[in-house]
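Those protein sequences? They're chains A and B, same order as listed.
Sequential numbering from 1 applies to the first sequence in the UniProt record's numbering.
Sequential numbering from 1 applies to the second sequence in the UniProt record's numbering.
Hints listed in this document are in silico derivations from the structure and should not be mistaken for laboratory results.
Keep in mind it's a predicted model, so treat the numbers as computed, not measured.
Any given hint could be a false lead.
Chain copies aren't distinguished; within one or between two, either way the pair holds.
Once the Cα atoms are required to be at most 30 Å apart in a straight line, the calculated DSSO-like pairs of lysine-lysine come out as [unchecked claim]:
| id | residue 1 | residue 2 |
| --- | --- | --- |
| 1 | Lys-102 | Lys-237 |
| 2 | Lys-237 | Lys-169 |
| 3 | Lys-76 | Lys-54 |
| 4 | Lys-54 | Lys-272 |
| 5 | Lys-171 | Lys-153 |
| 6 | Lys-76 | Lys-25 |
| 7 | Lys-319 | Lys-275 |
| 8 | Lys-169 | Lys-183 |
Protein chains: 2
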Amino acid sequence: MVLYVVGLGLGDEKDITIKGLEAVKSSAKVYLEFYTSLLGGSTSVERMEAFYGKQLILADREFVESGCEGMLEESKTMDVSFLVVGDPFGATTHTDLIMRAKELNITVKIVHNASIMNAVGCCGLQLYTFGQTISMVFFTDTYKPDSFYDRVKSNRQAGLHTLCLLDIKVKEQTIENMLRGRKVYEPPRFMTVNQCAEQLLEIEDIRGEKVYDENTLCVGMARVGQDDQQVITGTMKELVSIDFGAPLHSFIICGDMHFHELDFFNSFRINKENKFAFINWLNAKQFEAIDWLNLKCGDQLLAQTHQPKLYGNTSAFQKIYKLLKSMNNNNQQEEEGLSQLFNIVETISP
Amino acid sequence: MVLYVVGLGLGDEKDITIKGLEAVKSSAKVYLEFYTSLLGGSTSVERMEAFYGKQLILADREFVESGCEGMLEESKTMDVSFLVVGDPFGATTHTDLIMRAKELNITVKIVHNASIMNAVGCCGLQLYTFGQTISMVFFTDTYKPDSFYDRVKSNRQAGLHTLCLLDIKVKEQTIENMLRGRKVYEPPRFMTVNQCAEQLLEIEDIRGEKVYDENTLCVGMARVGQDDQQVITGTMKELVSIDFGAPLHSFIICGDMHFHELDFFNSFRINKENKFAFINWLNAKQFEAIDWLNLKCGDQLLAQTHQPKLYGNTSAFQKIYKLLKSMNNNNQQEEEGLSQLFNIVETISP
């Protein structure tokens, strides 16, 4: 007898793999975990049941966190499928479940699928330049956990991107209802890109270690892997007020970007004309160049934050962007590039 | 007209999603990229063609790196599917292809799937505690690129795990054949876990910054996501000589492990009795405790490397492991735990 743990991917009922569908169809009982994530808006349990040809037993938070004892017991005498959104190893709770099943000598078969951890690649940032992932929970007046801040700091110091997984509150009780033992649940809540950006800035205000600021480049994403997926790039401040629509949302704080990554980034700008260019490549000469660009072009062209970057849509910007890109592609000498850059900016009237 | 870029996942022809299969079946032409990765050993192009009901056009390195111009042109007048092992955003070359298609105003639809970047979760290490991924290429006598070393260093300093993607050489020419313009290709080569461990140790020998050593805990993996997948954990030195069988192999250099991760790690030991326990949690008191354990137990119980760890199968080890685990689960005070640890070790006869 087998316990199949089947990843459903990120979209709808058709993102299951053939192997996963065969497991579901061959199982005597099929459970659907539905509190750590959710499939796309157009999908419903009824649609999934119709497509899979199976009745789904809903496994909520209580079910999973209390150990899924009944399901594990059943797995000893019949084939059982446990369906999870994304990949089976995306959430710690599922990993624990698999460990418990192993300890009970239950045969476990995993059917992998896409998870947000790899599907974020669709924004054009390379997966191997991400540092550790953080989780952002809903702040309250008295509860603002900021342990993520140190992880973002460590990532940014190494030039790495940070994926932020955003909080989901499903089947939560108010403290009053919990104390009174009333099984009354609050409506589900899903953190938005806007809330994440706000909370990030709030913690930077409190901690003040200049890990990032409102000019830091970020990516907001919604419904990744679904037909109406949305990717919008901008500064952290810009992302506070852009409407990304229905859940689930995800957030990325960019690290150093390669020019190929930057091309993608600029293609996802709301105002596509207003591009960004990094001058990371300047290395040792960077500070000299920045001082000088600042003197010459002022705030109109240069945002002097942790990652010095140029932005705008002036012809000066276009020229510099083109130069930086060609230098990056051809591995030209830093010295030579710097001198060309100086020549271009010399001709700019302030 | 649409260019579908379809992830095939990691196993065989049945790891495609329903959505992916529908895209393939509706396409006038179907290309299979087959040089950055490969599907499981039992799969063949013929089996895939039979299952998908489509003829596959093989896209090798030359095809992809020269820009897939013909395929992009076709996508303007017919639906085309481009199949890649894993997820479409796993390899930089595919990301570039998607960018080029966008620039040509071709409608691109992505069908996500599992990639090695998320499927490595099957070893029990949590995906959000991985740092940046590195690539390990085949060394030659004169070419031993070591830029990965700094990235491993940065990951390990932050306590993070490092996934190493191992080199694949498909359709490579010898320099002589290349110079003579002879299209004669060498047999494919796939880096093994053993070769990766050896090359890592070779670079540590040269660089000598004590980023890791032969006692560093690592995970060797083969054929992840396939039926005969293999996961074996051990020290870097142990993994030099364990046979993992057919490709593809992957390698992880462990960072700090949570006890839940350690449970998985120990369950994948070749010699399951010989477990490891970390004493990371000791924090400030760590060095005092290590000195003292060293004095009391010597090399038999304590491996004093970057991550001080206990190992073995003695009753003393079992007691300490149990204590550390219960402390970790209950968030007991460090002071109290340390004193209990001292009590246990006091009773050990050296």
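Verification of the supplied hints:
Taking identical chains as interchangeable, the C-alpha atoms of Lys-102 and Lys-237 lie at most 30 Å apart only when they sit on different chains, with a minimum of 27 Å there against 47 Å within one chain. In this assembly of identical chains, Lys-237 and Lys-169 lie within 30 Å of each other by CA distance solely inside one copy; the values are 25 Å within and 45 Å between copies. When the C-alpha separation of Lys-76 and Lys-54 is checked against a cutoff of 30 Å, the pair qualifies only within one copy, where the shortest distance is 20 Å, while the shortest distance between copies is 40 Å. Proximity of Lys-54 and Lys-272 under a CA criterion of 30 Å is satisfied in neither setting, with 46 Å inside one chain copy and 39 Å between copies.
Taking the closest pair of Cα atoms, Lys-171 and Lys-153 never come within 30 Å of each other, the shortest separation being 33 Å inside a single copy and 42 Å across copies. In this assembly of identical chains, the alpha carbons of Lys-76 and Lys-25 lie at most 30 Å apart only when taken from the same copy (18 Å versus 38 Å across copies). For the homomeric pair Lys-319 and Lys-275, the shortest alpha-carbon distance inside one copy (12 Å) is at most 30 Å, but the shortest distance between copies (60 Å) is not. Taking identical chains as interchangeable, the C-alpha atoms of Lys-169 and Lys-183 lie at most 30 Å apart only when both belong to the same chain, with a minimum of 15 Å there against 59 Å between chains.
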